[in-house]
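*Asks:* Take a look at the letters that make up each chain.
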Amino acid sequence: MTTASSAEQPTRRDFLYVATGAVAAVGAVATAWPFISQMNPDASTVAAGAPIEVDLSPIAEGQDIKVFWRGKPIFISHRTKKQIEEARAVQVSSLPDPQPDDARVKSGHEQWLVVIGICTHLGCIPIAHEGAYDGFFCPCHGSVYDTSGRIRQGPAPANLPVPPYQFVSDTKIQIG
Amino acid sequence: MPVASSYFLQDRIMSGPSDYQPSHPVLKWIERRLPILGLMHSSFVAYPTPRNLNYWWTFGAILSFMLAIQIVTGIVLAMHYTPHADLAFRSVELIVRDVNYGWLLRNMHAVGASMFFLAVYIHMFRGLYYGSYKEPREVLWILGVIIYLLMMATGFMGYVLPWGQMSFWGATVITNLFSAVPFFGEDIVTLLWGGYSVGNPTLNRFFSLHYLLPFLIAGVVVLHVWALHVAGQNNPAGVEAKTEKDTVPFTPYATIKDLFGASCFAILYAYFIFYMPNYLGEADNYIPANPGVTPPHIVPEWYYLPFYAILRSIPNKLAGVVAMFGAIIVLVFLPWLDSARTRSSKYRPLAKQFFWIFVAVCVLLGYLGAQPAEGIYVIAGRILTFCYFAYFLIVLPLLARIEKPRPVPNSIADDVLAKTGSKATPMVSTVIALAVAGALFAGSTDSARASERVDTPPAVKWSFAGPFGTFDRGALQRGLKVYKEVCANCHGLSYIAFRNLADQGGPGYSTAQVNALAAEYKVKDGPNDQGEMFERPGRAADYFPSPFPNEQMARAANGGAAPPDLSLITKARSYKRGFPTFIFDFFSNYQEQGPDYLAALLVGFEDEPPAGATIPEGSYYNKYFPGHAIKMPRPLSDGQVTYDDGSPTTVEQYAKDVTAFLMWAAEPHMEARKRLGFQVFVVLLLLSSLLYFTKKKVWAGAH
Ligand code: FES
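Chains Y and D, in that order, are what the protein sequence lines are. Residues in the first sequence are numbered consecutively from 1, following the numbering used here. Residues in the second sequence are numbered consecutively from 1, following the numbering used here.
It is worth saying that the hints were derived from the structure and are not from the lab. Hints may be right or wrong, so weigh each one.
Cross-link-like lysine-lysine pairs, in silico, DSSO-like; alpha carbons within 30 Å at most [unchecked claim]:
| # | chain 1 | residue 1 | chain 2 | residue 2 |
| --- | --- | --- | --- | --- |
| 1 | D | 522 | Y | 172 |
| 2 | Y | 72 | Y | 172 |
| 3 | D | 524 | Y | 66 |
| 4 | D | 524 | Y | 72 |
| 5 | D | 522 | Y | 66 |
| 6 | D | 484 | D | 623 |
| 7 | Y | 172 | D | 524 |
| 8 | Y | 72 | D | 522 |
The whole structure should be built from the sequences, with the hints applied where relevant.
*Replies:* Rendered as structure tokens:
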């Protein structure tokens with residue numbers, strides 16, 4: 001990019017070239033941003049991800065339901081006494097992803113297990129009431145979760161995540 | 001901006017071997033197996049370009065730049081667009097409203113089409129003026145005509161995709177051109193439609209082809225550039241480069257000049273994107289497609305107008321279609337129609353005059369294409385159509401025989417030296433052509449005025465007008481109140497979700513206020529676990545419920561005229577801004593026809609129609625409504641809505657407030673648009689001036 005006659009003032013010329021290049025580069029990066037940003041969820045998708053309320057009263061003991069929040073299936077299980085005991089009986093430190101049961105449910109509402117029903121291996125949806133631990137079984141690659149949604153066997157690395165939720169009354173929760 | 005990639009397109013292909021040798025061993029290794037660096041070097045860097053090229057020659061690079069922009073924005077828009085007759089219109093609106101920077105991407109693409117055509121017309125006229133189609137560049141020229149044809153097809157199909165009224169009826173009219181084909185016409189049209197009228201299958205195939213054709217264009221562009229590099233570039237002197245002294249290497253000389261040209265062009269482009277996004281569009285296209293109603297005034301996009309005028313000026317269907325296509329096809333034969341040896345019109349005194357007259361003819365044809373096909377317009381259209389063809393079929397062949405060209409310079413280097421001495425004389429022909437054009441314009445507008453006696457809505461001083469305009473929050477909040485208490489009884493606002501009321505640049509409610517407001521509404525939801533629909537209180541994410549469940553009921557309840565949805569009404573309504581007002585509008589940044597019209601309409605009711613006007617039963621007289629008979633009764637009266645901020649509770653105030661609110665509803669991101677526009681302008685102006693000085697520095701060595 002050198003030209004003979006401008007070589008006498010190398011600093012000024014260089015400054016001009018650098019400044020032009022810099023503004024062009026800033027412009028190019030700034031232009032690229034909208035093209036990347038548009039890939040993110042749009043405003044209606046974000047708004048549709050607002051918290052939802054779920055009425056728990058129709059769910060009998062031992063039953064569970066599936067609701068959708070942000071396009072994700074949420075499992076809500078009404079656990080039996082036996083299931084709760086099973087969940088509390090294991091030695092936490094022996095688990096692949098150690099977590100006590102009471103850290104996964106709301107105190108005072110131990111019978112309700114609320115988890116995101118997406119296998120932490122590669123995203124399949126586990127089946128409730130199946131598998132060796134009375135919890136969930138993922139048919140894709142054989143991960144087994146217990147009655148607290150914790151991983152016990154198989155390739156999945158982590159427990160089923162608990163979504164943000166709270167009890168607005170004894171029979172109603174708000175997810176999100 | 002992907003300026004660099006445009007060079008890639010323009011110069012990727014170069015004939016002949018290269019002596020370029022990379023020094024890095026890895027590059028050497030690659031180069032021995034795939035000499036791509038040599039190809040790039042010889043076509044990007046070392047390629048000799050005539051040293052006397054003027055700025056009209058930067059339009060090749062500008063076009064590559066526009067093609068790249070159109071492809072990139074188009075791919076992105078296609079990620080959000082739904083090609084379905086029932087969903088397309090709404091999906092485009094949701095792109096603009098909800099997708100991050102969706103409004104920007106959409107404006108870039110829609111305005112980009114116009115800019116692309118603007119650049120291609122300049123590029124073509126440049127080729128015409130300097131004889132760039134002459135031996136040995138005939139194939140280069142014909143490839144250009146093919147690109148132009150592909151662009152027209154692409155632009156047309158793209159315009160159909162938003163599925164507004166103009167999209168739909170444009171598609172109907174243009175596809176019906178093929179019904180002029182003898183014997184098979186109807187079958188061809190049915191084939192094009194994939195049905196018995198323009199419908200969902202048509203939209204789907206247009207979407208598919210609209211995605212495909214730009215890549216075809218890119219392919220032909222590669223051929224075009226290849227042909228260019230075989231023949232070498234033409235130049236203003238029209239003499240071939242003979243020695244080294246006639247040329248400069250492409251990089252840095254042409255590169256920097258093209259970059260500067262593209263940057264200046266981007267300023268104009270950005271002006272449209274950020275400040276006049278709807279200037280080149282039609283208000284009617286903000287009305288969803290309605291197969292039962294044709295807009296009273298159907299016009300194509302501006303870049304087709306000259307051909308549309310030719311089509312309409314011929315009173316026979318088949319002949320009109322043939323003339324229209326002929327007007328483009330004749331370009332293919334241009335290299336043989338104009339057999340003059342001298343390339344550049346600079347040295348052809350007569351050809352130069354006729355060139356400018358031809359430019360004026362094209363512009364005037366474009367103007368006529370936008371006017372109603374009646375009276376003087378038809379006659380003018382016929383004369384100009386004759387002139388258009390006469391230029392190619394009579395004037396150019398004749399000039400080649402009778403014209404005495406001035407001597408051309410011996411070489412490009414001579415031309416450059418001569419230029420530093422003499423100054424160009426003012427172009428007589430330009431003046432003549434402009435005078436003719438001006439006279440015709442003046443004549444036609446006068447008659448237009450005489451034929452249409454409509455009250456022009458008074459221009460209101462809106463807070464949101466101008467390049468720095470913002471919404472007046474108070475007016476938006478009051479306008480929402482008027483909408484809720486009055487308009488909402490009949491009109492929907494279905495593109496606005498309650499959450500939008502808390503968006504930046506809107507009426508400025510808090511999330512809590514919005515939740516409370518939403519909860520006042522009952523929203524239909526379901527089905528529930530029992531399979532039943534149920535009503536629940538509205539949430540922020542819900543849209544304003546419409547007063548009628550379907551259009552039929554809306555129609556039945558309102559004397560046969562369904563009250564239109566108001567979400568887009570300020571963009572979907574307009575009034576004619578004839579010549580030369582629309583030119584001033586460009587500079588004054590005026591784009592408030594819609595709001596002006598709406599505010600005027602709301603106060604324009606008169607109990608007693610003026611003498612001579614008859615209003616049918618069930619209609620009301622309105623000064624500003626086209627035809628004056630409106631089905632909506634006077635909606636507002638003084639004191640009807642209470643304001644708690646002390647603003648006057650008059651009809652005038654209500655009208656202004658609700659119009660401001662509806663303007664926001666039509667474009668919730670207007671403030672963001674203008675704000676970002678200012679920033680982009682600062683950067684572009686800075687970049688252009690830096691490029692200008694860089695270009696001067698670089699070229700200092702060449703002179
Ligand atoms: S996805 Fe569940 S085990 Fe692989």
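*Asks:* Each of the hints needs a verdict: does it hold here or not?
*Replies:* Hints and how they fare:
Between residue 522 of chain D and residue 172 of chain Y, the direct Cα distance comes to roughly 21 Å. Compliance with the 30 Å bound is thereby established for this hinted pair. A threshold of 30 Å between alpha carbons decides the hint, and for residue 72 of chain Y with residue 172 of chain Y the separation of about 19 Å falls inside it, so the pair holds. This hinted pair checks out: residue 524 of chain D and residue 66 of chain Y have alpha carbons roughly 22 Å apart, not beyond 30 Å. With a C-alpha separation of about 23 Å, the suggested pair residue 524 of chain D and residue 72 of chain Y falls inside the 30 Å cut-off, and the hint holds.
Taking the CA atoms of residue 522 of chain D and residue 66 of chain Y, the gap is near 26 Å; set against the 30 Å cutoff, the hint holds. Restraint check for residue 484 of chain D and residue 623 of chain D: the C-alpha separation of about 25 Å stays at or below 30 Å, so the hint holds. For the given pair, residue 172 of chain Y sits about 22 Å from residue 524 of chain D by alpha-carbon distance, which is consistent with the 30 Å threshold. Straight-line distance between C-alpha atoms of residue 72 of chain Y and residue 522 of chain D comes to about 27 Å, which keeps the hinted pair within the 30 Å bound.
Violated hints are absent here; each numbered hint is respected by the structure.
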